[in-house]
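> These are the residues of each chain, in order.
There are 2 protein chains.
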Amino acid sequence: MPADASPRPTIYDVAQRAGVSKSLVSLVLRGSPHVSEARREAVEAAIEELGYRPSRAAAALASQRTRTVGVLIDDFHNPWFVELLAGLRSVLDPAGYTASVADLQLDAASGRNPVDGFLAQHVDALVVAAEPAPGALDGVGAPIVVAGTRELGGAQDADIVAGDDELGARLATEHLIGLGHRRIGHLTGRSGPGAHRRRGYEAAMAAAGLAPAVTGEDGGTSEEDGYAAACDLLDGTAGVTAIVAGNDVMAVGALAALRERGLSVPAEVSLVGHDDSPLAAYRYLQLTSVDGHSREVGAAAARALLSRLDHPDAPPHRELLAPELVVRASTAPAASV
Amino acid sequence: MPADASPRPTIYDVAQRAGVSKSLVSLVLRGSPHVSEARREAVEAAIEELGYRPSRAAAALASQRTRTVGVLIDDFHNPWFVELLAGLRSVLDPAGYTASVADLQLDAASGRNPVDGFLAQHVDALVVAAEPAPGALDGVGAPIVVAGTRELGGAQDADIVAGDDELGARLATEHLIGLGHRRIGHLTGRSGPGAHRRRGYEAAMAAAGLAPAVTGEDGGTSEEDGYAAACDLLDGTAGVTAIVAGNDVMAVGALAALRERGLSVPAEVSLVGHDDSPLAAYRYLQLTSVDGHSREVGAAAARALLSRLDHPDAPPHRELLAPELVVRASTAPAASV
DNA sequence: CTGAAAGCGCTAACAG
DNA sequence: CTGTTAGCGCTTTCAG
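Same order as they appear, the protein sequences are chains D and R.
In terms of full-length UniProt numbering, the numbers along the first sequence are unbroken and rise by one, the last being 337.
In terms of full-length UniProt numbering, the numbers along the second sequence are unbroken and rise by one, the last being 337.
In case anyone wonders, no lab produced these hints; they're calculated from the structure.
Incorrect hints may have been included.
Note that the list lumps identical chains together, so a pair holds whenever it fits in one copy or between two copies.
[Stated by the list, open to error] Dumping the calculated SDA-like pairs for lysine to any residue here, alpha-carbon to alpha-carbon at most 20 Å:
#1 Lys22 / Leu61
#2 Lys22 / Ala120
#3 Lys22 / Ala314
#4 Lys22 / Ser90
#5 Lys22 / Arg8
#6 Lys22 / Arg283
#7 Lys22 / His34
#8 Lys22 / His77
#9 Lys22 / Ala99
#10 Lys22 / Ala267
Produce the entire structure from the sequences given, and follow the hints as far as they go.
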């Protein structure tokens with residue numbers, strides 16, 4: 001008999017070793033309550049001794065479900081997704097689901113369609129934490145929950161869980177107004193959250209009877225874009241004493257623009273970021289920022305997903321979580337002139 | 001024609017629609033050359049019309065290989081992995097392999113063992129871009145390549161591809177020495193790369209006949225740790241005019257410590273980071289940093305993986321890529337006293 | 001509660 | 001080049 005290299009033990013081997021039938025092993029694996037204690041232990045012992053690991057592929061094929069949910073991230077470079085993912089997993093894991101993550105940018109770079117990948121993988125559901133191209137989600141059979149953003153790429157019946165970006169920007173702006181600032185600018189950029197944040201800023205300004213000043217509408221949301229938008233703002237509008245940036249990275253860009261012009265933060269100009277990323281907490285930056293509670297958003301999205309899986313025909317679930325302003329050292333009362 | 005709900009089309013449906021046998025469809029899928037042009041087109045048309053997607057699960061089960069490689073990341077918060085992953089995928093994708101990514105931190109948080117997950121998934125190989133706990137890699141049947149670090153968690157026969165951290169730190173230190181600095185400190189931290197970087201720093205200092213000053217050996221490698229180590233260095237060693245930080249994030253921590261002490265960068269103290277992360281390139285920071293070429297490391301690791309898959313018994317492959325110093329605005333000639 | 005039997009959708013080894 | 005034949009390892013009826 002040829003010495004087989006390492007024939008992975010199968011459920012069959014486990015059954016034999018434990019002296020039971022394969023079905024019983026399968027039941028134990030799935031945690032069925034209809035198994036006697038003695039047999040369960042025998043099976044578990046056999047599994048342990050053999051180093052047996054159930055084959056996902058076989059299980060998926062037989063059960064027609066993978067217990068895997070695909071998570072679509074926009075860009076691994078934007079650390080925003082980490083907390084979101086942690087939140088998702090905090091409820092998906094205990095429920096026995098596995099998260100499979102893909103990055104839109106990376107997939108685009110290799111000319112792949114991540115949605116196709118997930119479909120080939122037979123994911124049971126999709127979490128979209130990105131703004132997919134319109135139509136990219138068409139024909140996905142699985143349930144979809146859009147997390148962290150409110151743009152559904154044509155998936156009209158998708159569930160949505162996101163932070164209330166509009167409210168977040170309003171909080172930031174009101175904080176500045178409360179500190180006595182009157183000429184407050186906003187750095188925006190092309191993106192779903194960006195549009196909502198801008199609206200929040202404008203609403204707060206209008207409510208206080210102040211004139212809005214927005215720059216960056218034609219740009220993106222990177223550090224570079226933040227720098228450019230801040231330059232436009234500072235050079236175009238006189239007497240700005242406070243800035244609401246579209247996100248933390250843009251705020252760091254603004255910091256450079258301010259320093260270039262000899263304006264100190266927060267003595268001369270106050271600055272608020274958005275996302276409360278690790279960046280904002282760095283001692284060297286100490287950015288006041290809006291915490292969107294992404295972790296909670298992730299957890300809520302996962303709960304929505306689970307309930308959708310149970311009730312495929314329930315009406316779309318739409319949930320907006322309230323953000324919170326984290327005040328650090330980049331904002332201060334307006335200098336009394 | 002009855003409107004079928006959505007029984008995913010199978011290879012069988014495709015065959016029928018194209019008027020060929022299932023085997024032929026399978027051949028087309030695998031891109032076999034032994035198929036006539038006409039039939040290939042018929043099959044492709046049928047696939048298109050039906051919206052057919054091959055089932056990974058079935059393919060994996062039947063072929064006993066998943067064409068998937070598991071990639072173990074240390075922490076999604078550390079953006080270092082993004083380029084590494086991009087490099088990996090740039091060669092894995094064209095070869096028909098899929099990368100499945102797991103984060104050690106996240107998995108630990110949910111009490112999961114990522115290696116187990118990959119094994120259950122039947123990955124064909126493992127890329128370890130992290131420092132796994134000793135023994136965590138025991139009993140993995142699949143080939144392992146350690147990427148980006150040189151610590152093999154007990155996987156003695158693993159292939160290794162990494163940046164030459166020792167050389168990187170030497171380059172950084174020599175750059176500073178070349179600028180006329182004599183009292184140069186180093187901020188280290190507990191980590192594999194950290195140890196190598198420290199050695200590089202010490203070697204360069206010794207070669208120049210300078211006394212080393214290292215702090216942070218008991219800490220980690222975060223911004224906070226960098227701040228603490230910098231405080232220790234500045235308060236413990238008089239006249240430091242340059243600092244080699246263990247990484248960029250630590251360098252940002254050091255920036256805070258320097259500012260606290262009224263020391264300006266680079267006029268009074270020069271600072272070098274490591275990793276050339278996006279952080280270093282921010283206009284507001286402009287950190288001179290060591291670029292480890294992670295993208296290239298990733299690509300090389302993937303190549304090593306592919307060749308290992310072809311030659312399971314080849315001797316271990318060990319490859320160290322040379323890093324490069326990126327000079328920005330945080331370093332300047334030592335003030336002539 | 002347990003065992004037997006029938007596939008899930010695909011690949012692979014052959015014989016036409 | 002094509003069709004047939006077996007399974008891959010597991011879940012799932014369905015009888016015992």
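> Each hint should be assessed against the structure and marked as holding or not.
Hints, one by one, checked against the model:
no., hint, in the structure
1, Lys22 / Leu61, "both (17 Å within a copy, 18 Å between copies)"
2, Lys22 / Ala120, "between (29 Å within a copy, 18 Å between copies)"
3, Lys22 / Ala314, "neither (37 Å within a copy, 39 Å between copies)"
4, Lys22 / Ser90, "neither (32 Å within a copy, 42 Å between copies)"
5, Lys22 / Arg8, "within (16 Å within a copy, 29 Å between copies)"
6, Lys22 / Arg283, "neither (59 Å within a copy, 63 Å between copies)"
7, Lys22 / His34, "within (15 Å within a copy, 41 Å between copies)"
8, Lys22 / His77, "neither (46 Å within a copy, 43 Å between copies)"
9, Lys22 / Ala99, "neither (28 Å within a copy, 32 Å between copies)"
10, Lys22 / Ala267, "neither (73 Å within a copy, 74 Å between copies)"
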